[in-house]
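Asks: Here's the letter readout for the chains.
Number of protein chains: 2
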Amino acid sequence: MTSLWRQRPVGIVGLGLIGGSLALDLRQAGARVHAVVHRERTALRAEQRRLADRISLDPAVLQDCGLVILALPLDQLLNPDPRLIRALPADGVVTDVGSVKQPVLRQWSSLPRFVGSHPMAGTARAGVDAGEAGLFRGRPWVATPCRTTDPEALEAVRQMAVQLEARWVCCEAAEHDRAVALVSHLPVLVSAALIATADAGAAAAAEPGLPALARLLASSGFADTTRVGGGNPRLGTLMAQSNREAVLQALGTYQKAISTLQEHVLQENWGLLEETLGRCAELRTDFL
Amino acid sequence: MTSLWRQRPVGIVGLGLIGGSLALDLRQAGARVHAVVHRERTALRAEQRRLADRISLDPAVLQDCGLVILALPLDQLLNPDPRLIRALPADGVVTDVGSVKQPVLRQWSSLPRFVGSHPMAGTARAGVDAGEAGLFRGRPWVATPCRTTDPEALEAVRQMAVQLEARWVCCEAAEHDRAVALVSHLPVLVSAALIATADAGAAAAAEPGLPALARLLASSGFADTTRVGGGNPRLGTLMAQSNREAVLQALGTYQKAISTLQEHVLQENWGLLEETLGRCAELRTDFL
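Quick note, the sequences are listed as chains A and B, same order. Every letter in the first sequence is one number past the one before it in numbering that gives the first Met the number 0, and letter 216, counting from 1, is 215. Every letter in the second sequence is one number past the one before it in numbering that gives the first Met the number 0, and letter 150, counting from 1, is 149.
Calculated from the structure, these hints are not laboratory results. Some hints could be false.
[Unchecked claim] On the chain A side, residues computed to face chain B include the following (Cβ under 7 Å):
#, residue
1, T196
2, D198
3, G200
4, A202
5, R214
6, G220
7, F221
8, L247
9, L250
10, T252
11, Q261
12, W269
13, E273
14, A280
[Stated by the list, open to error] Now the stretches of chain B that chain A is said to cover, found in silico as 3 or more residues with beta-carbon under 8 Å:
#, region
15, 190-200
16, 203-214
17, 217-227
18, 267-274
[Claimed, not checked] Beta-carbon label-pair distances, calculated as ranges:
#, chain 1, residue 1, chain 2, residue 2, range
19, B, P79, A, C169, 54 to 60 Å
20, B, D285, A, A28, 41 to 47 Å
21, A, T259, B, R166, 33 to 39 Å
We treat Cβ as the ideally placed atom computed from N, Cα and C, and that holds for glycine.
Input sequences plus hints: build the corresponding full structure.
Replies: So, in structure tokens, the structure goes:
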């Protein structure tokens, strides 16, 4: 890895939150960073922020890179520009940061030194101004090697993740996708449905003042529970689309959980309801 | 109101988060505060914090009060100690801070100068150390007068809320309860069901590593969406119990919202899903 860093530049495709943060950390660690962006305006701003040593709209800037990180939005990652594919260095290690891994592997694993990976870090920000140093510190960086993954390529990505102080985790792509369906994609739908319900439930009420009153009384609990459901609709849709099977399974399990709570309330099983809520409170500490 | 404050003490029953915060603000505003607490230990700690001018385990301390605020947990408010009822000053204004209003009115509205109210303020803290100055500033303080409510008593409570810089809101108890079912009680159940699903969905998977992986990958989105579902199970149960009808109605509407999202994913209606999520994102800004 040291040789990959010192002797050859690291390529980053996309300088949004993840790409920009990677660029800052990698330069800090002594790497030369060559970045590809989509728009002239992004390139100018990235130059101002000194995110990379070379910034270009032309993927040819990647030609000497020993390691290339595809830090693209999921839709672009799954439908890559053919010019980008042609410009990737033939002997370079290539990895990605996509939040769903099976379709990424289907798209990319024919590349000889490709490693699927997903650094689990984020903020509410996006775009060329969002990148920040130290974003990956202490956060899981999940790699999903498959049968054909080159062990040296995997090791190169691991060393980068460790350099950025991320917590390295390896698992199968299917396992990753099922886990993120439960803890990352399902929350978006659960949370969006709550917003829709607060609106529809108030609008359907007999009291004409209810929509305004519900809006007035919504407080920090509502804000927290609906935050991810009020996020980028394109991103939410892409997650559901690219992880459809696991998301549907999670939704099915979720509907059973809601029905169980509903049944306790309907049957006035207050002891059981309190027991269930108590178990949830305990479980939550396991997760966080 | 000025006379109520200057000439006669204000009584507070309970010095938890709400009662303690009220006590601090009211003393700051120049009131003499007489407080009743349940335990000797609480009384000692409240004395140390100088929460009130007089603190007693005996509700007789309320006898001269012109205004008494029942800052009790919902279950104690709905099943009050007969000694407390007997000790309330016959000519005093009495109000409460309960988060569900119809059962409170059923219990208390026979009191001649009772006003149902609900200051919508909270933090994650509870107990005698939780009270803080300025908690009600800018927050809604909902009063739910009914046909028999004494207008002077209502005005006394309004003046107190305004003194604490809360936003005074009047509505019917049924309307209040329906609104909080949607924006406060439903989120608890939605959020708890998500925790239960992350656990059950991972446990049911074929991959033995999934429960550990899901726990490892749960991040800030999961943390926010599950915060209220991981709260006090007794409080969540009391809310559902005392607001059962509105909570059941909200759950019914919620299940339809989840089914709509599920249907979009099942039918691969990605345009409709994105449209729905976009509408939720817009709606959320209305609420917050």
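Asks: Would you mind marking each hint as holding or not holding in the structure?
Replies: Each hint, compared with the structure:
1. T196: Given a least distance of 4 Å, the restraint on T196(A) holds.
2. D198: 5 Å, holds
3. G200: Holds: closest Cβ of chain B sits about 4 Å from G200(A), inside 7 Å.
4. A202: 10 Å, violated
5. R214: R214(A) check passes; min Cβ-Cβ to chain B is 5 Å, inside 7 Å.
6. G220: 4 Å, holds
7. F221: 5 Å, holds
8. L247: Status holds, d = 6 Å.
9. L250: The hint holds - L250(A) has a Cβ within 7 Å of chain B, the shortest such distance being about 5 Å.
10. T252: 4 Å, holds
11. Q261: With a minimum Cβ separation of about 5 Å from chain B (threshold 7 Å), the hint on Q261(A) holds.
12. W269: Result: holds, 5 Å to nearest chain B Cβ.
13. E273: 4 Å, holds
14. A280: 5 Å, holds
15. 190-200: n = 11 at 8 Å, threshold three: holds.
16. 203-214: Since three or more residues must qualify, the claim that chain A covers the region 203-214 of chain B holds, with 8 doing so at under 8 Å.
17. 217-227: holds (count 11)
18. 267-274: holds (count 5)
19. P79(B) <-> C169(A): 54 to 60 Å: 59 Å, holds
20. D285(B) <-> A28(A): 41 to 47 Å: Taking Cβ atoms as reference, D285(B) and A28(A) lie about 45 Å apart, which means the hint holds.
21. T259(A) <-> R166(B): 33 to 39 Å: 37 Å, holds
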